[in-house]
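Peer 1: Sequence order for the protein chains is B and F. So the first sequence is numbered by the numbering used here: it starts at 2 and just counts up by one. So the second sequence is numbered by the numbering used here: it starts at 2 and just counts up by one.
Calculated directly from the structure, the hints in this document are not laboratory data.
Identical chains share a label here; the pair holds if one copy fits it or two copies do between them.
Here are the simulated BS3-like pairs of lysine-lysine, each with C-alpha atoms no more than 30 Å apart in a straight line:
1) LYS459 - LYS432
2) LYS123 - LYS432
3) LYS432 - LYS39
Just so you know, these numbers come straight off a predicted model, no measurement behind them.
Protein chains: 2
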Amino acid sequence: MLRARAGWCWGLRRCASLPRALRVREALQAPEPLERVKVQGWVRSVRSQKEVLFLHLNDGSSLESLQIVADPSLESRDLTFGSAVEVQGKLVKSPHKKQNMELKAETIHVVGPCNALLFPLKMKERHPLEYVRQFPHLRCRNNTLGSLLRIRSEATASIHSFFQDNGYVHIHTPIITSNDCEGAGELFQIGVANEAKESAEKTHFFNVPAFLTVSGQLHLEVMAGAFTRVFTFGPTFRAENSQSRRHLAEFYMVEAELSFTESLQDIMQVMEDLFKTVTSTVLSKCPHDVELFHKYIASGQKGRLEQMLKKRFVIISYSEAVEILKQASQGFTFKPEWGCDLQREHEKYLVKHCGEIPVFVINYPYDLKPFYMRDNEDGPQHTVAAVDLLVPGVGELCGGSLREERLPFLESRLQRLGLADTYQWYLDLRKFGSVPHGGFGMGFERYLQYILGVDNIKDVIPFPRFSHSCLL
Amino acid sequence: MLRARAGWCWGLRRCASLPRALRVREALQAPEPLERVKVQGWVRSVRSQKEVLFLHLNDGSSLESLQIVADPSLESRDLTFGSAVEVQGKLVKSPHKKQNMELKAETIHVVGPCNALLFPLKMKERHPLEYVRQFPHLRCRNNTLGSLLRIRSEATASIHSFFQDNGYVHIHTPIITSNDCEGAGELFQIGVANEAKESAEKTHFFNVPAFLTVSGQLHLEVMAGAFTRVFTFGPTFRAENSQSRRHLAEFYMVEAELSFTESLQDIMQVMEDLFKTVTSTVLSKCPHDVELFHKYIASGQKGRLEQMLKKRFVIISYSEAVEILKQASQGFTFKPEWGCDLQREHEKYLVKHCGEIPVFVINYPYDLKPFYMRDNEDGPQHTVAAVDLLVPGVGELCGGSLREERLPFLESRLQRLGLADTYQWYLDLRKFGSVPHGGFGMGFERYLQYILGVDNIKDVIPFPRFSHSCLL
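Please model the entire structure based on the sequences and the hints provided.
Peer 2: Here it is, written out as structure tokens:
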């Protein structure tokens, strides 16, 4: 025993005479039995038999709980589902195949009781996601949300690593801005609380109207004038009065901008690499958490993902897409027509047509897209170098473009829109060492929806904000 | 030559007959000469001699620029400071000691010209930070801001790694919230743009008043009921009408929460480990960028930092701090008195008194601190288990506490404040498996100010927002 303990010293900092504190994940993975161990967490199940008391203890470090085996004399009234406990005892090899180790309890101390009748989560019940959504302050104690949050954390770390490993500089683009990047108009405006009492005009905190950002793109473009590769990963906002399963008022976007690039191909390569690298990392680092989703929420998704990771994404032009839609045997509510936006039903059909793998659609009509997209010059203001990435189930996952870096093109477009004064600073970027550049944004929640097969976007973010709802 | 090229293949993806595209950093670090190389970037200096033309090219991948050596026949009118160029040629060992490699140009193509007269940054001028701050869309092309942004990016990555390596789950706490965590009242409120036209009451997008978050703490506490270690790193907001060098309306906070901890010592250990790990990483990964600050902005800071990294931070109690201040020979504008907040002048004195290294001040008066801090029970509502970390130059860098996990204590305190109804959900966390827990927040911009010795907080964030200013 002594030898084993000496050769194995995860995070041992305290005096050796105190029991060693282990997290559940560490206990489960321990290579050898251990005496004098302490584990803390929340009770996920209690099963009392005549001769033995079984508990399952979880502390959020893994989906799997640690089995505690105790003498029935250690049972107490407070030892209920949801209660917080500290258990001391011996970590031993489990006789069961399903788990590696289990803890033979010597003492069980209830740190924080939990009234099981009032607690909205119930033992061994598979609560629907809609049900737990009603309890934003407690739903993280549900297995599914626990797994989701661990996956989300791992995906976040992986996104940062991907860009850092590829020489990108991370930029915190501002949340509060005086711009409206998309011109979509669905903006949240910011004021000082209680400011309404006084004259609204006089009390603008920033002297100008200020909004919550809808995209970090224009600010990334500023940085792309000094760094050839930049990215941002932060919250963005839309005041969209939508109850859809694909929209939130507050959501996260990964955005990247590349300088000295003249081809959409380069942008698409980064999008595809990012998608595949992060997905592979999540699949390999959170296998059990991902399995929960693929087993209970979206069966079959695992195989589809693995197939997708092996294939190159499809690339079609917008014009080809419209042709495909026109030749479809199926009818559409919105008739496909060159010059019109692709609707949800069109996106679905295109993805299916291409074999249910992600599809890049490129070169959209000039008039459909915002002012900053680069004119392809394939006709008088005919198409721009835009790209959308459509994925099965979710639809549009990413959007990107080459940006119009040529001063005369951009200037005349902004003038026609009456925006040349507003965007003087943006025009400046084209006056002082302008370079061909482009970039894209990926909706992080939609990404999680796609890889996990989660139907409602509210279930892939810790605290969903949408119209009529801002709980906590 | 061929052998060298074959044995060295950074990012070679294109056809071998095309010149190899290298970033400046890669070119500078190349172990061997290379034929047929392409480098792109912005001109940082032009020096034309009778026999030779020298350029310095920078692409943001490093502080150091690449020296281009060309025949004067390659000079053109557009080849000015600030212009964007693409240079092809041979990468050779530089005869100068200062640089490893230089590029012998065969062609120079000006991609984007720059009118040097209109461009507000000038060649070889050391612009004061106040000057470049006037040009938020161009200042990243300045050396100092370039270095700052690379350091900021590296520190961001290092913070994520620190927590991930230590088993923390990353949580995106919400930006829009219906809470006011600190009760400080300096809140930004959110509305829908143009909503004022209609009745304000009826058009609340979220049905309830919604604010920009001042801290992710309460939401992290939710998560600390399922995960024993969580962290967040995102924007926070204060509608403070301040022109100080230490405040912004939008700034970044790193926050962590630990469950099953009953001692401030544990919290302080994480704060100190985080600070030292991130600082060591930044110093080792960005030596030249950091050196620029320590050479031109804050001389002597390098040695002070290195000393600090070797020492344990000091810990004193608030009561001790007041005693030290009372016995000080120096006079204060605000007389030190038990029960009063520490002022800037007091913080400065304490840090100096302790030897100009970071100082933890713990156990503050109960009445000075927010409702969620844990009563030390050292007298009737006498002190709470709070901690502030004071650092030289900057003052308060971190704040933390144990949280009141005992339902009766918290309930009666909230009732006295008339907040029991508002925080029903927060009380719930103490009803269902409550555990002793605590955490802290660190101001990211103040952290950067401290390690780099930057006087004004507006110079350590890409797009500063403060009262009367929201540029871009």
